[in-house]
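Asker: Chains A and B are the protein sequences, given in the same order.
Okay, so the first sequence: first residue is 1 according to this note's numbering, each after it adds one.
Okay, so the second sequence: first residue is 1 according to this note's numbering, each after it adds one.
Errors might be hidden in some of the hints.
To be verified - Simulated coverage check for chain A against chain B, where a stretch passes if three residues somewhere in it have a Cβ under 8 Å from a Cβ of chain B:
no.: 1; segment: 36 to 46
no.: 2; segment: 101 to 112
Stated by the list, open to error - Each computed DSSO-like pair below joins lysine-lysine, with the alpha-carbon atoms no more than 27 Å apart:
no.: 3; chain 1: A; residue 1: Lys-65; chain 2: B; residue 2: Lys-56
no.: 4; chain 1: B; residue 1: Lys-67; chain 2: B; residue 2: Lys-106
no.: 5; chain 1: B; residue 1: Lys-42; chain 2: A; residue 2: Lys-65
no.: 6; chain 1: B; residue 1: Lys-106; chain 2: B; residue 2: Lys-42
no.: 7; chain 1: B; residue 1: Lys-2; chain 2: B; residue 2: Lys-103
no.: 8; chain 1: B; residue 1: Lys-2; chain 2: B; residue 2: Lys-67
no.: 9; chain 1: B; residue 1: Lys-67; chain 2: B; residue 2: Lys-110
no.: 10; chain 1: A; residue 1: Lys-65; chain 2: A; residue 2: Lys-7
no.: 11; chain 1: B; residue 1: Lys-56; chain 2: B; residue 2: Lys-42
no.: 12; chain 1: B; residue 1: Lys-106; chain 2: B; residue 2: Lys-56
no.: 13; chain 1: B; residue 1: Lys-106; chain 2: B; residue 2: Lys-2
no.: 14; chain 1: B; residue 1: Lys-42; chain 2: B; residue 2: Lys-110
no.: 15; chain 1: A; residue 1: Lys-7; chain 2: B; residue 2: Lys-42
no.: 16; chain 1: B; residue 1: Lys-103; chain 2: A; residue 2: Lys-7
no.: 17; chain 1: A; residue 1: Lys-65; chain 2: B; residue 2: Lys-2
Because the hints were derived from the structure by calculation, they are not lab data.
Backbone N, C-alpha and C define an ideal beta-carbon position, used for all residues, glycine too.
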Amino acid sequence: SAVISQKPSRDICQRGTSLTIQCQVDSQVTMMFWYRQQPGQSLTLIATANQGSEATYESGFVIDKFPISRPNLTFSTLTVSNMSPEDSSIYLCSGGGPPDEQYFGPGTRLTVT
Amino acid sequence: QKEVEQNSGPLSVPEGAIASLNCTYSDRGSQSFFWYRQYSGKSPELIMSIYSNGDKEDGRFTAQLNKASQYVSLLIRDSQPSDSATYLCAVSGGSQGNLIFGKGTKLSVKP
Chain A
1 SAVISQKPSR DICQRGTSLT IQCQVDSQVT MMFWYRQQPG QSLTLIATAN
51 QGSEATYESG FVIDKFPISR PNLTFSTLTV SNMSPEDSSI YLCSGGGPPD
101 EQYFGPGTRL TVT
Chain B
1 QKEVEQNSGP LSVPEGAIAS LNCTYSDRGS QSFFWYRQYS GKSPELIMSI
51 YSNGDKEDGR FTAQLNKASQ YVSLLIRDSQ PSDSATYLCA VSGGSQGNLI
101 FGKGTKLSVK P
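Okay, chain B solo, but in the shape it has when bound (with noise of 0.2 Å):
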């Protein structure tokens, strides 16, 4: 059974601080990775995805991952109260050519 595994939280950190959201998956195989953001009573909206070890960095957001310890992470700098969402890391590697999704970790930034 593939599984992403990550922290439910929630998490708390004040405004303007980084927020560090973590991911372990357990299939080697997957060779794409993803953070969604879900913003209560919306969908999730893909915010970041990274293919190769390493950072990628997109505006206040940067993914990092290391696949030999099959571990990616999400940093969000300067964080704003509007980032206060649930961040569900997603993997490849579904039997059907489905994501394979976290439970999610809550943040939850305090102004």
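Next comes chain A alone, as it looks inside the complex (with noise of 0.2 Å):
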């Protein structure tokens, strides 16, 4: 299993600022992937962090608002641009062990004012 952190654990940001959470993986991981969680709801897929390319986005999901770095195979990178309230959600990162397992980030809980 891969054991993954991430930071902040949690912040509260001011309408129209960016944050960028981070993400950390104890193991070489092929897939990253990134997904917003609102309270009470399930896990929405922003995208898919590539190494050596640009990020994979799901529909609703643009590269200006959340940008994404993959600079090896045990770090990624997602920024929220541009803040708004309808942002505030616990953003988790999750990285690909053996066959399609994902292993899941604590997350970080963002709150937008």
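Please assemble the complex out of the two chains, which come individually in their own frames, going by the hints.
Answerer: This is how it looks when you write it as structure tokens:
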């Protein structure tokens, strides 16, 4: 299994600012994913972070709003840009292990005021 | 659109009983199936994976897979109050190599 850490664990941000969330995996993984989860709701995939290429975004999510970096096989960042209160959510990263298994980081709880 | 369906619950069982959680999926090509447990305010935790038809047991947990019926289930024997959580079913086959998650079933185990 992979152990995944995220930081920050939570933040309160002003409208119009940006926040970068970091995700670190304790082993090399081919695939890393970023999700958003509203309280009481299920997971919504934002994008897949690909090492050596641009991230692949799900419908409804765009690179200008959620730029992603994946500089190596153990690290990725997600930036939430020009934030509005609607961006308040929990942001989760996950990494792939042995066939298709994904392990999640502890999440970043974001509040935009 | 590939989908994973779960009864949202809440499913309430008494302590010591068997909890049965069910999941159906739409993509016949899916090869890997997972159950995650998510406590309130926490991230999902992988508790079971299953890849072939039949049963797979791990402690008090048994995952069952029937690919012909496109059905996955999770049985929790001797349920404990600490099992109270939301259980997410996930299936391989997302367009980006991602898992496709159901909306989860909330389980409540009453002492």
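Asker: Against this structure, judge whether each hint is valid.
Answerer: Each hint tested on the structure:
Counting residues of the segment 36 to 46 of chain A whose C-beta lies closer than 8 Å to any C-beta of chain B gives 4; at least three are required, and the coverage claim holds. Evaluation of the coverage hint for the segment 101 to 112 of chain A: fulfilled, as 7 residues show C-beta separations to chain B shorter than 8 Å, against a requirement of three. The hinted pair formed by Lys-65/A and Lys-56/B fails the criterion: a straight-line CA distance of about 42 Å is larger than 27 Å. Restraint check for Lys-67/B and Lys-106/B: the C-alpha separation of about 24 Å stays at or below 27 Å, so the hint holds.
Simply put, Lys-42/B and Lys-65/A have alpha-carbon atoms about 25 Å apart, close enough for the 27 Å limit, and the pair holds. Taking the CA atoms of Lys-106/B and Lys-42/B, the gap is about 14 Å. The hint holds against a cut of 27 Å. Taken as a hint, the Lys-2/B and Lys-103/B pair is honoured in the structure, with Cα atoms around 13 Å apart against an allowance of 27 Å. As the CA atoms of Lys-2/B and Lys-67/B are separated by approximately 15 Å, the hinted pair is consistent with the 27 Å bound.
The suggested pairing of Lys-67/B with Lys-110/B is violated, with an alpha-carbon distance near 33 Å, which exceeds 27 Å. For the proposed pair Lys-65/A and Lys-7/A, the alpha carbon gap of about 19 Å is at most 27 Å, so the pair holds. Of the pairs offered as hints, the one joining Lys-56/B and Lys-42/B holds, with about 26 Å between alpha carbons and a cut-off of 27 Å not exceeded. Annotation: proposed proximity of Lys-106/B to Lys-56/B holds, straight-line Cα distance about 22 Å (limit 27 Å).
Distance restraint check for Lys-106/B and Lys-2/B: the Cα-Cα separation of roughly 22 Å lies within the 27 Å cut-off, and the hinted pair is therefore satisfied. Using a Cα cut-off of 27 Å, the hinted pair Lys-42/B and Lys-110/B holds, with the two alpha carbons roughly 21 Å apart. For the suggested pair Lys-7/A and Lys-42/B, the alpha carbons sit about 15 Å apart, so the restraint of at most 27 Å is met. Taking the CA atoms of Lys-103/B and Lys-7/A, the gap is about 26 Å. The hint holds against a cut of 27 Å.
Note on Lys-65/A and Lys-2/B: the hinted pairing holds, with a Cα-Cα distance of about 26 Å set against a maximum of 27 Å.
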